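Asks: The chain contents come next:
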Amino acid sequence: VNRPFDLPEFSLPPINEVVLGIQFDQPIGYQQIRAGEVWNLFKVGFPKVSELLALQPTFETFGPNQILPFNFGVLANPSRNRYWFTTDDDYELIQFQGDRLLHNWRKLANHANEYPRFDTIIGKFTGEIRRFEQFCSELQPQKLIIRQCELSYINHIRVAPGQLRVGEWLKFISFGEQEPDDFAATFRRTTTCGDGQPRGRLICESATNLDLSGEAFIALTLTVRGIPERPETDSALEFITRGREMIVRTFADITTESAHKAWGRTQ
Amino acid sequence: MTRNGMESLAGTSSVLTQPVVHLTPPRARILIADRPDGWRQPIKERLDYLCQLSLGWDGYRARPVSFSTAHFALRLLESVCDSTTPAPSIVPGPSGDLQIEWHLKSGDIELHVRAPNDVHAWRETLSTGENGEELRLTIDFTLVARWVRNLSDPQRATVEAAA
Numbered sequence: 001v002n003r004p005f006d007l008p009e010f011s012l013p014p015i016n017e018v019v020l021g022i023q024f025d026q027p028i029g030y031q032q033i034r035a036g037e038v039w040n041l042f043k044v045g046f047p048k049v050s051e052l053l054a055l056q057p058t059f060e061t062f063g064p065n066q067i068l069p070f071n072f073g074v075l076a077n078p079s080r081n082r083y084w085f086t087t088d089d090d091y092e093l094i095q096f097q098g099d100r101l102l103h104n105w106r107k108l109a110n111h112a113n114e115y116p117r118f119d120t121i122i123g124k125f126t127g128e129i130r131r132f133e134q135f136c137s138e139l140q141p142q143k144l145i146i147r148q149c150e151l152s153y154i155n156h157i158r159v160a161p162g163q164l165r166v167g168e169w170l171k172f173i174s175f176g177e178q179e180p181d182d183f184a185a186t187f188r189r190t191t192t193c194g195d196g197q198p199r200g201r202l203i204c205e206s207a208t209n210l211d212l213s214g215e216a217f218i219a220l221t222l223t224v225r226g227i228p229e230r231p232e233t234d235s236a237l238e239f240i241t242r243g244r245e246m247i248v249r250t251f252a253d254i255t256t257e258s259a260h261k262a263w264g265r266t267q
Numbered sequence: 001m002t003r004n005g006m007e008s009l010a011g012t013s014s015v016l017t018q019p020v021v022h023l024t025p026p027r028a029r030i031l032i033a034d035r036p037d038g039w040r041q042p043i044k045e046r047l048d049y050l051c052q053l054s055l056g057w058d059g060y061r062a063r064p065v066s067f068s069t070a071h072f073a074l075r076l077l078e079s080v081c082d083s084t085t086p087a088p089s090i091v092p093g094p095s096g097d098l099q100i101e102w103h104l105k106s107g108d109i110e111l112h113v114r115a116p117n118d119v120h121a122w123r124e125t126l127s128t129g130e131n132g133e134e135l136r137l138t139i140d141f142t143l144v145a146r147w148v149r150n151l152s153d154p155q156r157a158t159v160e161a162a163a
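Protein chains in written order, with the working numbering: chain R, 1 to 267; chain A, 1 to 163.
Worth double-checking, as some hints may not be accurate.
Claimed, not checked - The calculated label-pair distances, taken between Cβ atoms and stated as ranges, are:
#1 R:Q178 to A:S106: 50 to 58 Å
#2 R:Q56 to A:N131: 34 to 42 Å
#3 R:L53 to A:Y49: 36 to 44 Å
#4 A:G132 to R:E51: 19 to 27 Å
#5 R:G264 to A:E45: 50 to 58 Å
#6 R:N40 to A:D48: 42 to 50 Å
#7 A:E45 to R:R165: 32 to 40 Å
#8 A:S83 to R:Q142: 36 to 44 Å
#9 R:R165 to A:L104: 52 to 60 Å
#10 R:L53 to A:E45: 46 to 54 Å
#11 R:R188 to A:W57: 36 to 44 Å
#12 R:R130 to A:L104: 46 to 54 Å
#13 A:L104 to R:D6: 33 to 41 Å
#14 A:L143 to R:G214: 50 to 58 Å
Just so you know, these hints were derived from the structure itself, not from any lab. In this text, all values refer to a predicted model and were calculated from it rather than measured experimentally. We treat Cβ as the ideally placed atom computed from N, Cα and C, and that holds for glycine.
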């Protein structure tokens, strides 16, 4: 992946997790009983498996009545499962269900593992989609029909205990003299394609959170979600790559210069 | 990492964290409300029903409405309808698809949701003539919202058009 020359770069970004994902029509001939065959595609690198509830489909639509969608009372989910195929060191996992494939990289509690950078992660994800697509075409000649793609960067902004001042890190929040006990703020922005038509959304969620030792930090999640230009793999990967640029530029825009210094901004 | 009752694992994230939790006084109530739109509940019930149709429900080889298409249809309606919009009819198609329809005195609108991001929209009113007007749409339903408003409240639409 060619990195745009003017894309902001940080030597110590506060990234805690990165998630790349696609949502597609359930391939013809796939049934949940075949999940083990899908695990076999990835088992060498991802030998651990666990089972979770399926993710609901997610779509970004546009019209005059836009509100943040509530997730209460969504449609009754047919009983399907999601599987996590996890690496031995737990740093990476593939999430799979009949209509989703995702790849997560994450920092673990000791924070020893270094962020391997976007190019490495999308390289792995590309290989995983191709392998899954090959598997589907062996069920019946077909290509994946990809309806939605997404990329999330989940940042954990940590400071010394008792020193959390949100305005020192996030440009769009200022609480003045007295810091609140906690906060939560979300904004969404439409992303468009060349002809100005909506293609998806950038969603920014920020909130006070606690780590497992009870220490407060700022969780700043940036997600780009939308439809690829064509419902196929190459187009989906292009969408995710463009999404990465949007996220990195937005991250640099909404965080303060002093924060950039702390994270070693090099560009 | 250890797990405890306060940890959350939302959406596609795989990392456990704890939301900041407040202790609420005993009499405090948390109200969780869905949108108050009149069309919403009957439509959700109808979509749930259509997703559970059995294979061959039409006496031939029709499939139930796809769960993903039903979800997309609900998001579409959320973008298009406000609290005064009359509830449309939802008709299943044979291939997991569905049709959203309004048939009112002032005209007809039909939205054929073939799959997520693949919608054929058609309307017929006095102004469009017999053949009506059609559109291919993906995720932007701004024009359809205007159609629906014109159909369900033609008086307001005329005032808005004149303004």
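Asks: Does each hint fit the structure? Answer for all of them.
Replies: Hint check:
1. R:Q178 to A:S106: 50 to 58 Å: holds (56 Å)
2. R:Q56 to A:N131: 34 to 42 Å: holds (39 Å)
3. R:L53 to A:Y49: 36 to 44 Å: violated (22 Å)
4. A:G132 to R:E51: 19 to 27 Å: Roughly 49 Å apart at Cβ, these two residues miss the hinted range, so it is violated.
5. R:G264 to A:E45: 50 to 58 Å: holds (54 Å)
6. R:N40 to A:D48: 42 to 50 Å: violated (34 Å)
7. A:E45 to R:R165: 32 to 40 Å: At roughly 48 Å between Cβ atoms, R165 (chain R) and E45 (chain A) fall outside 32 to 40 Å, so the hint is violated.
8. A:S83 to R:Q142: 36 to 44 Å: holds (42 Å)
9. R:R165 to A:L104: 52 to 60 Å: Holds, since R165 (chain R) and L104 (chain A) (Cβ atoms, about 56 Å apart) stay within the stated range.
10. R:L53 to A:E45: 46 to 54 Å: Cβ of L53 (chain R) to Cβ of E45 (chain A): about 22 Å, so the range 46 to 54 Å is violated.
11. R:R188 to A:W57: 36 to 44 Å: holds (38 Å)
12. R:R130 to A:L104: 46 to 54 Å: holds (49 Å)
13. A:L104 to R:D6: 33 to 41 Å: Given a distance of about 53 Å, which is not inside 33 to 41 Å, the answer is violated.
14. A:L143 to R:G214: 50 to 58 Å: holds (51 Å)
Hint check: violations occur at hints 3, 4, 6, 7, 10, 13; the rest are consistent with the structure.
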